[in-house]
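Novice: If you want the building blocks of each chain, they are given just below.
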Amino acid sequence: MSELKSAIVDTCARVFAEMARAGDDWNACYDLAAQAGLDRLLIDEESGGIGGDWSDAIAVIEESGRYALHFPIAEFLVSSAYRSLIDDPAGLITFAEQCAGRIDPLGRFSGALSGVAWGEAAEVAIGRLDGETIALRIADGERVGRAVNPAREPRTRLNYSERTAVRLEARDPIEILALCRAAQMAGALAASLELSVTYANTRVQFGRPIGKFQSVQQSLAVFAEEVTATKAAVDGAALALDNGNAALEIAAAKLRANRASRIGAAIAHQVHGAIGFTAEHPLQLLTKRLHSWRSEFGNEGFWAAHLGKAFAALGADQIWPTITQRADRNWDAERGEQ
Amino acid sequence: MSGEAAQARAPDGAAITRLRGEVRDFIRGELGAPRLTRRVNSWAVADRDFSRALGRSGYIGMTWPRIYGGGARHPLERYVVIEELLAAGAPVGMHWIADRQSGPLLLRFGSEAQRLSILSSIARGETYTCIGMSEPGSGSDLASVRTRAVREGGGWRISGQKVWTTNAHHAQYMIALVRTDPASQRQEGLSQFLIDLASPGVTVRPIVDLTGAAEFNEVFFDDVLVPAESLVGAEGEGWRQVISELSLERSGPERYLSSLALFLEFVRLCGAEPSQAAAQLIGELGADLMVLRRMSLGVATKLASGEDPALDAAIVKDLGNSYEQHVPNAIQALADIDWSSDADFVQGLALLLQAAPSFSLRGGTREVLRGIIARGLGLR
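Chains as they are written, first to last, in this note's numbering: chain U, 1 to 338; chain V, 1001 to 1380.
Source of the hints: derived by calculation from the structure; they are not laboratory data.
Since the model is a prediction, treat every value here as computed from it, not as a measurement.
Ideal Cβ positions, reconstructed from N, Cα and C, are used throughout, including at glycine.
Among the hints, erroneous ones may be present.
[Unchecked claim] Quick partial rundown of chain U residues pointing at chain V, CB under 10 Å, derived from the structure:
id, residue
1, LYS5
2, THR198
3, GLN218
4, PHE277
5, HIS306
6, LEU307
7, TRP320
8, ILE323
[Said to hold, decoys possible] Cross-link-like lysine to any residue pairs, in silico, SDA-like; alpha carbons within 20 Å at most:
id, chain 1, residue 1, chain 2, residue 2
9, V, LYS1302, U, GLN284
10, U, LYS212, U, THR198
11, U, LYS5, V, LYS1302
Chain V with its partners taken away, still in its complex shape:
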């Protein structure tokens, strides 16, 4: 995919300014002024109508080639669009994984038939995906996956269980990491499959999280038969294919912007002349926002020029997650919160305080990321 994307012309500053204006107009037109509880952690908020509207405007699959329904835009144009969407707290959860991860994976490793079958529908905001990685016995230690695929007839029979699968209840497809060589150990013998979740034998069961929402699921595969052409990329190459996309997943603006809407509402509450303590908190949180944005965009710039800044990406995610967790906690320490109030600010803070622990779990735990950084430093 990177080869094809690199053909898009790099946007200059004037083009970026225009693009920001277009996206802001689009968001204002589509969303108006949503409640704070909808704007925090907004890449976990699924909204089919909004995803379709984004698709119609060309904001999904932006960097993909036109023959697959993409926009053939530069990766940094996509970066600017998604940071604007997230900064505005737009509900992008429905198509998020398909746009960020599954589409690029299929472009890079998928077959022509796979690309032609779903990419244009993803880009229209109509087809959604989920990623089958974790299992009951396989969390941070992803290489221990046990869900298996066995050759049967002309295809494969898949059996096992995935868990914590975000969006499985909305998605039509899962890209799953499964073991295709039963004798293999650890990272070897794993393969990726594009699985139609309407296949007989697939059961999706929502898991209610501590906020009361059900964004993630258990997915059971009871002898699910999938055709041979469901294999994504090469048999036995699943681990390397998964790893190759991690920098993209780890350094994006979603890793530090989940709490921005609360921060901005806090500034609004404090007014034009905040107390000294409030001013200091606003300054501290604002400085981190500026610096994290610069770091995240720096990784995106390297990715766009073909580098794989895996270490920098891990640093952005860990610092970014710590920041978006710190925002509600620091604001709670200072703001006068009355839990009997149904004020938007109070309800938004309540939601973020509950959701924040997940920020340093999803997409690689803090401990795993710091292990990667330590390896980058030459300690492992």
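One chain only, chain U, in its complex shape:
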């Protein structure tokens, strides 16, 4: 990690710790995030931003995953890349996982948005419809119920009837949010592993810390492997995003994070025993998010099929050359300082 990036991440870590203490106080969390300039990280310096790249942004989002925040921090940070395209709304911009319907010749959308993160709190939702990125005002839609994911993060469903949709010349937000979730999962996995190792070293049974038992050690080693692989996948996808097309790398990252979450969350709970199953223990805040995020913006089946079709279309003889050529785009950025 570059010095600049680690300085940004360190600063954000302090902000996230404060946000975690603020709990579900929306206004306090929003103010902390705004004061820290998280919504300016992806904005150019000429436009008053911090001038960070995707690699910086994803590293910050990964860090946020460690704190089990009750706030859409990834959406808050990433939407800044879309803000100038949408007449600069004052409120929060969020994203819809699914967008079904049609846009008539007058540019009006009829259909439904689902999986809208924190829809109640946002002003605009961005979605993907038939290969186009579109923005809709939340107030134009009719809220159909109000739901939360297992981590109690609000997920809204909205129906629209002939309401103005703004077409955006912008990156596919589904890919970006999939990478954000993978990054959040990488952070939550790392924090779960740390909790588990600490617990294994302090909980004494049969006269010694349970971490001295080989079976527990082997489980935690598997967990550590999953955490390391997820982080590598997320870092690689963020670098690819800075280079332009990152479709394959993001698919691999979300797929890897999903699988790691299944394996890691199970080991974390097994190691913690009954205390980890209580509402007061912090582990459940992390594992509930892991379970929730695993389904959001593409499960294993979705990304595996997506990636598999892409590889099949390339053909057997082009798979290795493509993987190496795409990774080599980052060669100088990653190894330039040597």
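Go by the hints and put chain V onto chain U.
Specialist: What follows is chain V alone, placed relative to chain U:
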């Protein structure tokens, strides 16, 4: 060695792209399109002619200083060359251990005479080595080795037995870990020797493995007399010398690429529009391939800058081995296999299914690696 290698300029992305092109051209020219059974697990496939051709092109001993016949190239250039060779399923088994392990060990700990005597011949692809570690009573618990060397005259008398010694039947030399202090316990009192396998008293006996191949051997030392200058490095430092090279051995592309050729043939069989189940398997295996490659290259990058990422290296090996074992098993679950067929794909799958159990045994078992990871986590 790391000090000398660090003098080589780090290649930039353009140089890496050129190098990949050169290696791919070389492989195509030398090998054409070999059968799948030759391309899977290809670092266990020995081919003297191919090793010599590689040596002539400067692809062995790439990072070693020129005075020893090396190419004075950067370690990441070597990394790219070997990952291209393994991805193509090139038969690199004959010189593999000499290039990866014995050469670097001699550069780091060997005497000038030892370096001058064999390094340039290794780099030409003409001299091969094997590593004498395991013994009948000493597998994962390597510190229990009992083969001993006793001072005699001006040299040493070596007696004992090594086992599971890959390539001993091809190699001219073994670098053996033996006990030089009979009163010592465990990791202490061990030393490394460079032993000429043509010495009187050395017997190499092949062991046929379950695939029918004989890649590993028993090696007997019946009072073998070796000169004093056979000692590699310092007497009694053998354990530390062995340990210092493990990250290099554990994180390389050979730890996840052994089944790549089968995966690619599976993609070919499925065609441009695979079924949903096949697409999902291709995507899953392809994602792991991308991520493992990134992890392995990440360790190589750290090694090249002088770090010793032992924990990361153990993680790459364990995940990589699990992956290369998973590939044939997952493909078998989906592909329609007719054992009465002599099709290349069927025979390649058959070979990998049989060879795969060895992947998480060779070079450190899964259990040993996970123990190392647990120690890195602060659990031991």
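Novice: Now, for every hint given, state plainly whether the structure supports it.
Specialist: Going through the hints against the structure:
1. Because the beta carbon of LYS5(U) sits about 16 Å from the nearest beta carbon in chain V, more than 10 Å, this interface hint is broken.
2. Among the interface hints, the one on THR198(U) holds; its C-beta lies about 9 Å from the nearest C-beta in chain V, closer than the 10 Å criterion.
3. Contact between GLN218(U) and chain V, as hinted, is supported at the beta carbon level, the nearest pair being about 5 Å apart and thus within 10 Å.
4. Of the supplied interface hints, the one on PHE277(U) is violated, with its beta-carbon coming no nearer than about 22 Å to a beta-carbon of chain V, more than 10 Å.
5. Given the 10 Å rule on beta carbons, the hint for HIS306(U) holds: about 7 Å separates it from the nearest Cβ of chain V.
6. Satisfaction of the interface hint for LEU307(U) is found here, the shortest Cβ-Cβ separation to chain V being roughly 3 Å, below the 10 Å cut-off.
7. Nearest Cβ of chain V to the Cβ of TRP320(U): about 5 Å, under the 10 Å cut. The hint holds.
8. Interface hint at ILE323(U): satisfied, since its Cβ lies 6 Å from the closest Cβ of chain V, which is below the 10 Å cut-off.
9. For the proposed pair LYS1302(V) and GLN284(U), the alpha carbon gap of about 35 Å is over 20 Å, so the pair is violated.
10. The hinted pair formed by LYS212(U) and THR198(U) meets the criterion: a straight-line CA distance of about 12 Å does not exceed 20 Å.
11. Under the criterion of a C-alpha separation no larger than 20 Å, the hint pairing LYS5(U) with LYS1302(V) is consistent with the structure, at around 19 Å.
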